[in-house]
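Starting from the known structure of chain A, arrange chain B on it as the hints suggest.
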Amino acid sequence: MFLINGIVLLTAGMAFFGNEFYSFKKTTVEKLSTIGKIIAANSTAALAFDSPDDAREILAALRAEPHIVAACIYDKNGKIFSEYYAGNEKSKFPPSPGPQGYRFSYTHLDGFVPVMQETLPLGTLYLKSDMGALHAWLGLYAVVVAVILLVSFLLAFVLVRFLGKSISTPILALSQTAKIISDRKDYTVRAIKMSNDELGSLTEAFNQMLDQIKKKDDNLSEFNQNLELKVRDRTAQLETVNKELEGFSYSVSHDLRAPLRAIVGFASILEEEYAGRLDVEGKRITAIIKKNTMKMGRLIDDLLEFSQMGKHDGMKVTINMGRMVNDIKDAMALQYDTHRISWSMGDLPNVNANASMIRQVWVNLIANAIKYSGKNEAPQIEIGAMTKEGEYVYYVVDNGVGFDQQYSEKLFKVFQRLHSPEEFEGTGVGLALVKKIITREGGSVWAESEVGKGACFYFSLPARNEIRVNHQ
Amino acid sequence: MQVVMSILSHFIQRLSRTVWSGRYWLTILFVLSTISGNAQNPSLEYQLKAVFLFNFTQFVDWPAESFPNNKSPLVIGVIGENPFGNYLEQAVSGETKNGHPVIVQYYRDEEAAKSCHMLFINLPASDKRKQVIDKIKEEPVLTVSDASDFSIQGGLVRFVKKNNKIKLQINLEACKELGLVPSSKLLKLADIVEPGKTN
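Note that the protein sequences, when read in sequence, are chains A and B. Reading the first sequence from the start, the letters are residues 2 to 473 in this note's numbering. Reading the second sequence from the start, the letters are residues 214 to 412 in this note's numbering.
Label pairs and their computed distance ranges (CB to CB):
no., chain 1, residue 1, chain 2, residue 2, range
1, A, 101, B, 397, 21 to 29 Å
2, B, 397, A, 86, 25 to 33 Å
3, B, 325, A, 38, 38 to 46 Å
25 Å max Cα-Cα, derived BS3-like pairs, lysine-lysine:
no., chain 1, residue 1, chain 2, residue 2
4, A, 80, B, 378
5, B, 398, B, 380
6, B, 374, A, 80
7, A, 32, B, 398
8, A, 437, A, 389
9, A, 330, A, 372
Under 8 Å between C-beta atoms, here's a sample of chain B residues computed to sit facing chain A:
no., residue
10, 265
11, 272
12, 381
13, 396
14, 398
Read the hints as simulated data drawn from the structure, not as lab findings. C-beta: ideal position from N, C-alpha, C; glycine also.
Same shape as in the complex, but just chain A (with noise of 0.2 Å):
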């Protein structure tokens, strides 16, 4: 930038130099030509006739202009007719007229002009005149534009100093809060405004920016608490809500117990304290109301341990999988018909979870499978696990008579069965228990089946409980 307003005044300079030398030199001459013509106009009667002493007098009168050094006139025949010096140092004249007009030399600028009475010429004159004026002139011009670019100069140089200051000190203020704010992410701080310029406003469109910032976050995070607020507000009204049901129907369940056990204790009464008097027909009813107020009463304990379920916390141990379901395997045989079963038992790992509803899970499954294979003449179970994704997936296989794969989902609703109760006893409880114990757990419930082709029912837990088994 400095460079280019160097050039750019040297130049001017240069150029207006160049062009004053020029004007300045057609003026000295146009002046020496003037004073030329004027001399040889007043010469003409000196030449015609013949009086030197007349020439010399007019001649004299170039006295008046200091840069004429010499003159002289030629008489017709080319001969110095008068001569003129300025001081007393005679020049040397041309011996003879030269060709009209002027010409510059380094030290003068000379010429010749025709002396002519109208159109009669009579002569020549001849006017040196020195280069003085030009030399001074040039002086005082180059001091001028010397004076001229210094003071361009540094007036350049200060104003792109200033200049430069003023563009470059409210930018940096303003990036530097920038970075404050980045660092700190606080939206409060302000660039200081330096000055009512175009940065002056671009500072003030920043500071304006920094105020909608501001303003969107505060709304972000009011939004923000009010979420949480509400969150928190519903959950504890969600587990308020949730506990009251859970205690209404625990008591439910409780209070429906007592009557039943009156019925069943009744009938009981009747059986064997009244058997004598009952004829055949009367003990048979009696034993369907023993028998269906005992059913009754599982379900309601089966009501209640559904509703129990999230009083238990998990106290998570490391359950050993094989010796659990041989356990129960074992203690189904006092329940169950289950000498006819083909049992097949695979590889179980060992999970870490509640053991007392895995338990549950497993007993509710292997349950069904004797239940629901219990009609085919071999019937056939087959437990075993494998490793898929991070979870282990257990499965019980049974041959029994299957469902339709349409209905799966159905299976594990409360209530909700595909059988009729006079094919295979049941509450419709323990699928939807299996399926909440498990969630619970963080795995998943799912069945295969098809009609008459046995079912297979999978449920998965994940085994990074398992690393922990290792250690105890």
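This is chain B only, laid out in the frame that chain A set:
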């Protein structure tokens, strides 16, 4: 000799101005004039006077009525003995004044001299001169003579020899009365005489 040469070279220069440089002709002329060595040549004094007579035509304005038309000649007349030889003719040859060709006429009769514009009176006898002057004093004729009493007699221009130089005396008042206007530059060189006051 110098003057002859200069005059001659002047003519040649004029003729050849556009053809050749004057310096060249000057040399040739110098050679020619030396060889010819003309016996009829007038004295230096009269050679100069002849040039002066011609130069008067350039430094004096005549009234327009003195020319019948704008092509009619400006006549330089000589009365009395011709002291110029053919030098005067040579001096005026080819020259013009405002478009009027300058010619030379030699007169014996002052009556005829009335029609000229300039008359060089070379008559030694004073009464004779007076007679001529009186005869043409009403006409716009620039009378020129060497005679010392010329101005008193009513002549207009007189050649005066001073320090071996030819000076001019002009009777300005008389010139003006006749409508002759000498250039101020000419007057600057000349002595203005007023016959009533001087000798």
